[in-house]
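> Residues per chain are reported as follows:
Protein chains: 2
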Amino acid sequence: MSTRPEACLTGMKVLDLTQFEAGPSCTEALAWMGADVVKVENPKAGDPGRTAGGKPGQDAYYFLQYNANKRSLAVDLKSPRGVDLIKQMARHADVFCENFAPGAIERLGLGPDVIRAINPGIIYCQTKGFGAGSPFEKSLAFDMIAQAAGGLMSITGEEDGPPCKPGATIGDTGTGMLMAITVLAAYVRKLRTGEGEHLQLAMQDSILHYIRNSFTYMERTGKPAPRAGSKTVGGGNPPIGVYPCKGGGPNDYVYIYTSRANPEHWNRLLKVMGREDLIGDPNYATPEARTERREEVDAIVAAWTRQHDKHEAMHLVASATIPAGAVMDTMELANDKSFEERGIRQTMQHPVVGPYTMSGWPVRFSGRTPPISTAPLLGQHSEEALADWLGLDREELGKLRRDAVIGG
Amino acid sequence: MSTRPEACLTGMKVLDLTQFEAGPSCTEALAWMGADVVKVENPKAGDPGRTAGGKPGQDAYYFLQYNANKRSLAVDLKSPRGVDLIKQMARHADVFCENFAPGAIERLGLGPDVIRAINPGIIYCQTKGFGAGSPFEKSLAFDMIAQAAGGLMSITGEEDGPPCKPGATIGDTGTGMLMAITVLAAYVRKLRTGEGEHLQLAMQDSILHYIRNSFTYMERTGKPAPRAGSKTVGGGNPPIGVYPCKGGGPNDYVYIYTSRANPEHWNRLLKVMGREDLIGDPNYATPEARTERREEVDAIVAAWTRQHDKHEAMHLVASATIPAGAVMDTMELANDKSFEERGIRQTMQHPVVGPYTMSGWPVRFSGRTPPISTAPLLGQHSEEALADWLGLDREELGKLRRDAVIGG
Numbered sequence: 001m002s003t004r005p006e007a008c009l010t011g012m013k014v015l016d017l018t019q020f021e022a023g024p025s026c027t028e029a030l031a032w033m034g035a036d037v038v039k040v041e042n043p044k045a046g047d048p049g050r051t052a053g054g055k056p057g058q059d060a061y062y063f064l065q066y067n068a069n070k071r072s073l074a075v076d077l078k079s080p081r082g083v084d085l086i087k088q089m090a091r092h093a094d095v096f097c098e099n100f101a102p103g104a105i106e107r108l109g110l111g112p113d114v115i116r117a118i119n120p121g122i123i124y125c126q127t128k129g130f131g132a133g134s135p136f137e138k139s140l141a142f143d144m145i146a147q148a149a150g151g152l153m154s155i156t157g158e159e160d161g162p163p164c165k166p167g168a169t170i171g172d173t174g175t176g177m178l179m180a181i182t183v184l185a186a187y188v189r190k191l192r193t194g195e196g197e198h199l200q201l202a203m204q205d206s207i208l209h210y211i212r213n214s215f216t217y218m219e220r221t222g223k224p225a226p227r228a229g230s231k232t233v234g235g236g237n238p239p240i241g242v243y244p245c246k247g248g249g250p251n252d253y254v255y256i257y258t259s260r261a262n263p264e265h266w267n268r269l270l271k272v273m274g275r276e277d278l279i280g281d282p283n284y285a286t287p288e289a290r291t292e293r294r295e296e297v298d299a300i301v302a303a304w305t306r307q308h309d310k311h312e313a314m315h316l317v318a319s320a321t322i323p324a325g326a327v328m329d330t331m332e333l334a335n336d337k338s339f340e341e342r343g344i345r346q347t348m349q350h351p352v353v354g355p356y357t358m359s360g361w362p363v364r365f366s367g368r369t370p371p372i373s374t375a376p377l378l379g380q381h382s383e384e385a386l387a388d389w390l391g392l393d394r395e396e397l398g399k400l401r402r403d404a405v406i407g408g
Numbered sequence: 001m002s003t004r005p006e007a008c009l010t011g012m013k014v015l016d017l018t019q020f021e022a023g024p025s026c027t028e029a030l031a032w033m034g035a036d037v038v039k040v041e042n043p044k045a046g047d048p049g050r051t052a053g054g055k056p057g058q059d060a061y062y063f064l065q066y067n068a069n070k071r072s073l074a075v076d077l078k079s080p081r082g083v084d085l086i087k088q089m090a091r092h093a094d095v096f097c098e099n100f101a102p103g104a105i106e107r108l109g110l111g112p113d114v115i116r117a118i119n120p121g122i123i124y125c126q127t128k129g130f131g132a133g134s135p136f137e138k139s140l141a142f143d144m145i146a147q148a149a150g151g152l153m154s155i156t157g158e159e160d161g162p163p164c165k166p167g168a169t170i171g172d173t174g175t176g177m178l179m180a181i182t183v184l185a186a187y188v189r190k191l192r193t194g195e196g197e198h199l200q201l202a203m204q205d206s207i208l209h210y211i212r213n214s215f216t217y218m219e220r221t222g223k224p225a226p227r228a229g230s231k232t233v234g235g236g237n238p239p240i241g242v243y244p245c246k247g248g249g250p251n252d253y254v255y256i257y258t259s260r261a262n263p264e265h266w267n268r269l270l271k272v273m274g275r276e277d278l279i280g281d282p283n284y285a286t287p288e289a290r291t292e293r294r295e296e297v298d299a300i301v302a303a304w305t306r307q308h309d310k311h312e313a314m315h316l317v318a319s320a321t322i323p324a325g326a327v328m329d330t331m332e333l334a335n336d337k338s339f340e341e342r343g344i345r346q347t348m349q350h351p352v353v354g355p356y357t358m359s360g361w362p363v364r365f366s367g368r369t370p371p372i373s374t375a376p377l378l379g380q381h382s383e384e385a386l387a388d389w390l391g392l393d394r395e396e397l398g399k400l401r402r403d404a405v406i407g408g
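Chain order of the listed sequences is H and S. Counting along the first sequence from 1, when you hit position 70 you're at 70 in the numbering used here, and nothing is skipped either side. Counting along the second sequence from 1, when you hit position 303 you're at 303 in the numbering used here, and nothing is skipped either side.
No lab work stands behind these hints: they were computed from the structure. Possibly wrong hints are sitting among the right ones.
Any copy will do: because identical chains look the same in the list, a pair fits if it lies in one copy or spans two.
Within a straight-line C-alpha distance of at most 25 Å, the following computed PhoX-like cross-link-like pairs (lysine-lysine) qualify [said to hold, decoys possible]:
1) Lys223 to Lys337
2) Lys138 to Lys271
3) Lys246 to Lys223
4) Lys337 to Lys138
5) Lys87 to Lys399
6) Lys399 to Lys55
7) Lys13 to Lys190
8) Lys55 to Lys271
9) Lys78 to Lys55
10) Lys44 to Lys87
11) Lys87 to Lys337
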């Protein structure tokens, strides 16, 4: 019995015309599950993500992270023979993905009508900033635009401060994940019935899926959900939020959450802090009382957290079965070897970049995460992919290369 | 040819022992794609999400949002006959999902070893706060704990402020989406080979997947990624971020993004702002120059945005092919009828709650999003689900109910 995660989607062929992050994060997820993802790139420079912040002459770490386990086919889509090659590939593909600017794929002659006519069983996927039928459907979008227009920035930031952008790329990777789920569901149907599908997803619309809790607040109060700093939308009942720890650095904080649903959290916390004297004190005994005296409660907790470093504070609070988490920064996470031991982060050897470590698919299959392989060099698999999918022979491939229809 | 999204996963049976959000968001996605999701709940109160912020006597909006399109089977898991019923259901299930506190499912006698021995072809899924093998694997976690310990809060907030919690529930729904992808991939393999799987996912580990861009910053600079307010991690080149608009309310801002990769964005923006006089001015001509004079650049842009409301500003900037987005609040999104016209938000009629509107699955299948049906009442489908999956007859069901093994 195989427990190789990469074997799950064996046989699934994905023709991947995506770039940057929203599209590539989707097809990368499929690649990690074992799909054969052939990334189609312009032979001159490839996915613009390849140069997003990287050193000259090598692929950027940005690109490496979103294109692991894929193959690269460099084809000139300005040449009719290049476009024809992609149409031939599309005949053999189960899935076609693109996230170009609105209208671009149609201008290339590879729009949904064209490709679905060639292969009615294909699952044709389009990711854009704004939805078809939205007043902004022709507008450009990047992750931060979707986060603004999708409501997420309005609920992120300090209570009295301006809207803030979450550090996570929910507009990009968040969107990619919703598309990946949908592609797989459509693929299950295709395996059963042979049907294709036309899937469309907008980044703005995806954000709504990730901020449903804030709609809960609105439904309850009739008001737009506000910003709440480190607290939950609506504020929650104290203690809740980040508390300062020893060290005083920008991330020397511990998050402590006492649940309204579990009144024991507060009493347990008082014990951890050596403040048994306050157990049962009516000034603090109920969530309502603590909310009324929020500043006092926060001061009591902070007086204790300041005496401990964040790891110690997390350990002490979490060990007493109260939800707690040290605020970890990216360097601390990268240096924490337990992520590598558990296969969440893995180290690869890239032929140009050398060794590098990245986060992979975090789900374990019988204890093991999918292995990561390095992102492809531009056009690294041009011949191989065309030979595999179309059965082109050495002579035909040589001619395509000499005529600069393919590159790499 | 069917274009009904809900038909994609026809025949897939999910036994759903999840609660709150991380688990339910996963199984709800499967339900929206057409899986038969039977939610197993305690007959006394059900999923604690049912009372999370709701009015007395009715299911909370929180619950409604994460449990659409499911059936509810209320079974007493403290009774051996109740546990046995779940084991019988597990024989017929393709997928088993749980996200109880660490160790709880094993104590119920429904752990992975037990269920996989009964049904080796089952896909058994566990979602926890921290990963098996992590020093915190036995600790409780909620969304905000994962956001703290997974690095996301360290990169969210004002540059000189404390760590901030994004308003999106990446720790919960973000995790649920990664599990949904993995379940579907494993299901594709199961359809082909009959193999089952044991899937495990930690909320802390999931966060790492959504903050990969911040690791790009770290890789480039050797420093932990900082907070950057409304700008991108690392700051980006100005203009970037939210700019204040007419009105002066908490969300009267427009996000403007000029890309380093496209120098024309700045020149186009100058034209939109009627500042053609600055085109080519060496003080602002390059991203480097603008970064050096960030305050001046921001002041120039804000002087213009303050003259327009955010919608107008977005329209003017986006129409000039520069990425822009008004900062929308949740009320504005809810009141924008284009989301309902496009099927992104839908209105339902609940037998107790009455009419309510919520966000559904935002992906369109040939132009149409999956229809939402109301979340089930507690135990609404107890008899129906047992009859469907196990073929129990009216007499057997009546006895189970009389003996309080099932409820609803």
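> Now tell me if each hint is right for this structure.
To see whether the hints hold, each was checked on the structure:
no.: 1; hint: Lys223 to Lys337; verdict: between (45 Å within a copy, 18 Å between copies)
no.: 2; hint: Lys138 to Lys271; verdict: between (58 Å within a copy, 20 Å between copies)
no.: 3; hint: Lys246 to Lys223; verdict: between (38 Å within a copy, 21 Å between copies)
no.: 4; hint: Lys337 to Lys138; verdict: between (45 Å within a copy, 19 Å between copies)
no.: 5; hint: Lys87 to Lys399; verdict: within (18 Å within a copy, 62 Å between copies)
no.: 6; hint: Lys399 to Lys55; verdict: neither (33 Å within a copy, 71 Å between copies)
no.: 7; hint: Lys13 to Lys190; verdict: both (13 Å within a copy, 18 Å between copies)
no.: 8; hint: Lys55 to Lys271; verdict: neither (53 Å within a copy, 33 Å between copies)
no.: 9; hint: Lys78 to Lys55; verdict: neither (28 Å within a copy, 60 Å between copies)
no.: 10; hint: Lys44 to Lys87; verdict: within (21 Å within a copy, 58 Å between copies)
no.: 11; hint: Lys87 to Lys337; verdict: neither (46 Å within a copy, 38 Å between copies)
When each numbered hint is compared with the structure, violations occur for hints 6, 8, 9, 11.
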